[in-house]
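Number of protein chains: 2
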Amino acid sequence: MSTTLDIDIKSYCGGLADGARAAARKLVAVPGHTRDAALRAIAGQLIQNRDALQSANAQDLEAGEAAGLSSALLDRLTLTDTRIESMAQSVRQIADQVDPVGEIIEGYVRPNGIRLEKVRVPIGVILIIFESRPNVTSDAAALCIKSGNAVILRGGKEALHSNHAIAQCVRDGLTEAGLDPQLVQLVETTDRAAVGELLKLEGRIDLAIPRGGESLIRAVVEQAHIPVIKHYTGNCHVYVDAAADEQMAIDICINAKTQRTGVCNAAETILFHVDTAHSGLMGKILGELSKRGVQLRGDNHTREHFAAADEANDGDWAEEYLDMICAIKVVQNIDEAIDHINRYGSQHTDAIVTSSVAAADQFVQQVDTANAFINCSTRFSDGGEYGLGAEIGISTDKLHARGPMGAKDLTTYKWIARGSGQVR
Amino acid sequence: MSTTLDIDIKSYCGGLADGARAAARKLVAVPGHTRDAALRAIAGQLIQNRDALQSANAQDLEAGEAAGLSSALLDRLTLTDTRIESMAQSVRQIADQVDPVGEIIEGYVRPNGIRLEKVRVPIGVILIIFESRPNVTSDAAALCIKSGNAVILRGGKEALHSNHAIAQCVRDGLTEAGLDPQLVQLVETTDRAAVGELLKLEGRIDLAIPRGGESLIRAVVEQAHIPVIKHYTGNCHVYVDAAADEQMAIDICINAKTQRTGVCNAAETILFHVDTAHSGLMGKILGELSKRGVQLRGDNHTREHFAAADEANDGDWAEEYLDMICAIKVVQNIDEAIDHINRYGSQHTDAIVTSSVAAADQFVQQVDTANAFINCSTRFSDGGEYGLGAEIGISTDKLHARGPMGAKDLTTYKWIARGSGQVR
Numbered sequence: 001m002s003t004t005l006d007i008d009i010k011s012y013c014g015g016l017a018d019g020a021r022a023a024a025r026k027l028v029a030v031p032g033h034t035r036d037a038a039l040r041a042i043a044g045q046l047i048q049n050r051d052a053l054q055s056a057n058a059q060d061l062e063a064g065e066a067a068g069l070s071s072a073l074l075d076r077l078t079l080t081d082t083r084i085e086s087m088a089q090s091v092r093q094i095a096d097q098v099d100p101v102g103e104i105i106e107g108y109v110r111p112n113g114i115r116l117e118k119v120r121v122p123i124g125v126i127l128i129i130f131e132s133r134p135n136v137t138s139d140a141a142a143l144c145i146k147s148g149n150a151v152i153l154r155g156g157k158e159a160l161h162s163n164h165a166i167a168q169c170v171r172d173g174l175t176e177a178g179l180d181p182q183l184v185q186l187v188e189t190t191d192r193a194a195v196g197e198l199l200k201l202e203g204r205i206d207l208a209i210p211r212g213g214e215s216l217i218r219a220v221v222e223q224a225h226i227p228v229i230k231h232y233t234g235n236c237h238v239y240v241d242a243a244a245d246e247q248m249a250i251d252i253c254i255n256a257k258t259q260r261t262g263v264c265n266a267a268e269t270i271l272f273h274v275d276t277a278h279s280g281l282m283g284k285i286l287g288e289l290s291k292r293g294v295q296l297r298g299d300n301h302t303r304e305h306f307a308a309a310d311e312a313n314d315g316d317w318a319e320e321y322l323d324m325i326c327a328i329k330v331v332q333n334i335d336e337a338i339d340h341i342n343r344y345g346s347q348h349t350d351a352i353v354t355s356s357v358a359a360a361d362q363f364v365q366q367v368d369t370a371n372a373f374i375n376c377s378t379r380f381s382d383g384g385e386y387g388l389g390a391e392i393g394i395s396t397d398k399l400h401a402r403g404p405m406g407a408k409d410l411t412t413y414k415w416i417a418r419g420s421g422q423v424r
Numbered sequence: 001m002s003t004t005l006d007i008d009i010k011s012y013c014g015g016l017a018d019g020a021r022a023a024a025r026k027l028v029a030v031p032g033h034t035r036d037a038a039l040r041a042i043a044g045q046l047i048q049n050r051d052a053l054q055s056a057n058a059q060d061l062e063a064g065e066a067a068g069l070s071s072a073l074l075d076r077l078t079l080t081d082t083r084i085e086s087m088a089q090s091v092r093q094i095a096d097q098v099d100p101v102g103e104i105i106e107g108y109v110r111p112n113g114i115r116l117e118k119v120r121v122p123i124g125v126i127l128i129i130f131e132s133r134p135n136v137t138s139d140a141a142a143l144c145i146k147s148g149n150a151v152i153l154r155g156g157k158e159a160l161h162s163n164h165a166i167a168q169c170v171r172d173g174l175t176e177a178g179l180d181p182q183l184v185q186l187v188e189t190t191d192r193a194a195v196g197e198l199l200k201l202e203g204r205i206d207l208a209i210p211r212g213g214e215s216l217i218r219a220v221v222e223q224a225h226i227p228v229i230k231h232y233t234g235n236c237h238v239y240v241d242a243a244a245d246e247q248m249a250i251d252i253c254i255n256a257k258t259q260r261t262g263v264c265n266a267a268e269t270i271l272f273h274v275d276t277a278h279s280g281l282m283g284k285i286l287g288e289l290s291k292r293g294v295q296l297r298g299d300n301h302t303r304e305h306f307a308a309a310d311e312a313n314d315g316d317w318a319e320e321y322l323d324m325i326c327a328i329k330v331v332q333n334i335d336e337a338i339d340h341i342n343r344y345g346s347q348h349t350d351a352i353v354t355s356s357v358a359a360a361d362q363f364v365q366q367v368d369t370a371n372a373f374i375n376c377s378t379r380f381s382d383g384g385e386y387g388l389g390a391e392i393g394i395s396t397d398k399l400h401a402r403g404p405m406g407a408k409d410l411t412t413y414k415w416i417a418r419g420s421g422q423v424r
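The listed protein sequences derive, respectively, from chains A and B.
The first sequence begins at 1 in our numbering and counts up one residue at a time.
The second sequence begins at 1 in our numbering and counts up one residue at a time.
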């Protein structure tokens with residue numbers, strides 16, 4: 001392994017795809033319990049090879065320090081004992097999930113006697129492009145194996161040695177369970193041209209899932225000739241309705257904004273019904289947020305009631321701070337709140353706090369979002385919280401999968417028709 | 001209306017998308033019975049305006065004749081009384097279908113008490129690009145209205161006047177039912193730049209569906225910055241297994257190849273197990289096909305048993321003849337048949353004729369195809385035959401929708417979480 005392999009990138013990428021495709025074709029005949037056994041073997045390999053993982057990781061950390069990576073980035077890169085345990089645990093949990101493959105989604109008999117079934121099947125070969133966290137290597141591989149797919153993994157160059165060592169554990173686990181290690185391919189070059197080549201392989205790779213910052217995702221979308229499911233970060237809203245329960249509104253606003261700020265399901269803008277400005281509820285909530293160190297950026301109406309807020313400009317409504325900053329706006333009614341979210345939101349997760357059935361119904365029907373919440377924190381928008389098991393991300397697309405994506409979302413279906421000689 | 005509008009294409013296209021988006025937003029609050037009433041009003045408009053439709057159609061036919069269109073194309077373009085009746089009938093049938101919007105796909109309660117629902121909702125704004133048949137205008141508009149979407153229609157220039165007249169009926173029907181006529185937008189310029197502009201409107205148009213020849217679809221995929229669902233024509237196979245029932249094999253091969261040749265679900269290659277070559281079944285079937293005027297192109301093994309067959313070359317295995325031509329190959333076993341289909345097929349529709357449960361199971365599991373058939377003709381791969389009502393096409397993609405697509409496939413879902421103050 002080297003960071004600059006002396007290879008023809010085009011044929012290298014073609015080889016990865018063809019190896020993955022051949023392995024995926026064989027996997028369709030493998031029962032679920034064998035795929036699960038492979039996942040348990042992978043978890044075992046990760047634990048057994050902890051030392052090897054940590055010495056590979058040390059190489060990345062050393063290179064990262066030399067390259068001047070921030071301490072936050074170095075922390076995300078570090079494979080501690082606990083993190084390796086937790087990677088193995090996550091793979092075991094995926095093994096314990098119900099097999100999505102083979103589910104009969106629907107089935108019925110046509111008047112001519114043909115029996116139709118719509119059956120869940122693997123997609124085929126999936127390309128996952130991700131940034132610094134090395135645990136994505138085992139998580140993504142495990143979700144793809146669970147759902148019967150082959151996967152090509154392309155991690156960040158900061159984690160090259162760590163990803164290589166983890167991928168080796170994954171391949172050894174596959175071999176141990178009698179499966180083809182070619183099911184999991186790691187792109188072993190940091191040459192950026194490789195991503196471009198892989199994204200061109202229409203018909204040989206079925207789907208690309210980029211995980212990371214917006215610029216990574218945009219670059220993938222621009223280059224791709226294959227389908228892409230996008231996971232943009234979220235500009236999430238909480239709307240505090242006139243009919244909101246006071247304590248619920250306080251708890252939800254504080255939790256959605258401050259419990260963890262650097263994640264896509266944290267709130268970025270809070271909208272207050274004008275009645276809550278007059279009743280003092282808005283002031284109470286803004287006071288609590290401010291006390292916790294949240295920098296508030298409000299429109300004029302907000303600042304009339306809460307002078308400590310900075311002035312928001314138009315850019316704030318579309319901003320994903322991922323930080324202890326919150327945009328605040330007073331709206332005249334629920335329609336204005338819905339229009340604001342549909343105009344500035346990122347269709348990720350948007351919540352209403354209200355005791356009114358009519359307001360709740362209108363909000364979930366009219367807000368165009370993947371996750372519409374009533375009376376709970378936006379922070380619940382998560383595969384684990386939804387009971388999907390490990391998640392591959394949170395899709396902000398509308399096609400194929402929307403919101404938190406689990407193993408089931410890495411499948412498609414085929415129609416099976418069973419006849420007895422029918423012709424037209 | 002004119003074929004060369006004096007407009008800024010970019011702002012024209014943006015205006016179509018924004019008009020459609022605004023209308024789609026309003027439509028989410030409209031109940032299903034109002035959408036169905038609009039469809040019935042549209043059917044009525046088509047019947048009432050038969051004369052206007054036919055005089056608009058006459059303009060297209062005259063221009064088509066002057067431009068030297070083939071008689072087949074002119075025939076497809078012609079709006080006879082019967083065809084107008086049938087367009088209206090198709091719209092009425094779509095009105096009669098169950099409403100896909102609002103279906104709860106799944107729902108459950110999480111341990112923390114949050115009630116989760118995954119609810120079917122419209123996609124938003126759909127762009128449909130199609131070629132000469134004007135009936136697609138009313139069919140596609142009706143399917144989009146049924147599923148709660150707005151649609152931008154871009155038909156072929158040969159049908160410009162006909163499409164305009166049909167779209168007018170659609171808009172009048174919408175108005176009659178109290179809905180916004182902006183729900184259905186027709187691209188009124190034949191400037192090809194318009195398609196390119198529309199395909200760039202990421203975030204303003206949610207999905208593009210091109211319907212037509214492969215070159216149209218490839219051009220759309222290359223230009224698109226928005227998701228595309230592709231409907232390539234089909235290279236469909238029939239595999240006659242060693243354990244095939246003789247009469248069933250004869251009936252299915254003849255029907256799949258000859259009942260209608262110019263359609264995507266007609267068979268293009270027949271694979272024969274070597275035992276059927278020795279038993280004489282292959283010869284019997286090839287004789288029947290030949291008698292009906294099918295030109296046969298076989299591999300060497302085929303020609304040993306059936307000398308009248310022409311020699312097939314490698315190109316034949318990937319060819320979609322859409323004609324009275326059939327490629328024939330003898331395979332040693334079912335594995336070779338499956339490998340051949342997975343290598344050369346277009347993942348559209350592939351059938352096995354067999355009495356063996358094991359062979360049938362292996363075939364449907366291992367052939368990577370949208371529609372895997374046992375003992376029935378490939379010609380059943382069709383939205384109407386599947387009971388989906390009118391179809392928007394047959395997807396050869398694996399994501400979002402695969403195989404025949406009905407109104408339900410023009411929807412996505414949103415997650416709705418109902419809490420009582422939960423925070424993390």
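Derived from the structure by calculation, the hints contain no laboratory data.
Fair warning: there could be bad hints in the mix.
No copy labels: a pair is met if it fits in one copy or bridges any two.
[Unchecked claim] In silico DSSO-like cross-links for lysine-lysine, where the CA-CA straight-line distance does not exceed 30 Å:
#1 K408 with K230
#2 K291 with K118
#3 K10 with K284
#4 K10 with K230
#5 K284 with K200
#6 K118 with K408
#7 K408 with K26
#8 K10 with K291
#9 K10 with K200
#10 K26 with K284
#11 K118 with K10
#12 K284 with K157
#13 K157 with K10
#14 K284 with K408
We went through each hint and held it up to the structure:
1. In this assembly of identical chains, the alpha carbons of K408 and K230 lie at most 30 Å apart whether taken from the same copy (17 Å) or from different copies (23 Å).
2. Within a single copy, K291 and K118 get their C-alpha atoms no closer than 55 Å, and across copies no closer than 37 Å, so neither meets the 30 Å cut-off.
3. For the identical chains of this complex, K10 and K284 are neighbours neither inside a copy (60 Å) nor across copies (48 Å), given an alpha-carbon limit of 30 Å.
4. With identical chains, the CA atoms of K10 and K230 are at most 30 Å apart both within one copy (25 Å) and between copies (26 Å).
5. In this assembly of identical chains, the alpha carbons of K284 and K200 never lie at most 30 Å apart, being 54 Å within a copy and 45 Å across copies at closest.
6. Taking the shortest alpha-carbon separations for K118 and K408, both the intra-copy value of 15 Å and the inter-copy value of 14 Å come in at or below 30 Å.
7. For a Cα distance limit of 30 Å, the shortest separation of K408 from K26 inside one copy, 20 Å, qualifies, whereas the shortest one across copies, 32 Å, does not.
8. In the homo-oligomer, the alpha carbons of K10 and K291 never lie at most 30 Å apart, since the shortest distance is 56 Å inside one protomer and 49 Å across protomers.
9. In the homo-oligomer, the alpha carbons of K10 and K200 lie at most 30 Å apart both inside one protomer (10 Å) and across protomers (28 Å), since each shortest distance falls under that limit.
10. In this assembly of identical chains, K26 and K284 lie within 30 Å of each other by CA distance neither inside one copy nor across copies; the values are 61 Å within and 35 Å between.
11. In the homo-oligomer, the alpha carbons of K118 and K10 never lie at most 30 Å apart, since the shortest distance is 37 Å inside one protomer and 42 Å across protomers.
12. In this assembly of identical chains, the alpha carbons of K284 and K157 never lie at most 30 Å apart, being 47 Å within a copy and 62 Å across copies at closest.
13. In this homomeric assembly, K157 and K10 come within 30 Å of each other (Cα to Cα) only inside a single copy, at 19 Å, whereas the closest approach across copies is 40 Å.
14. In this assembly of identical chains, the alpha carbons of K284 and K408 never lie at most 30 Å apart, being 43 Å within a copy and 46 Å across copies at closest.
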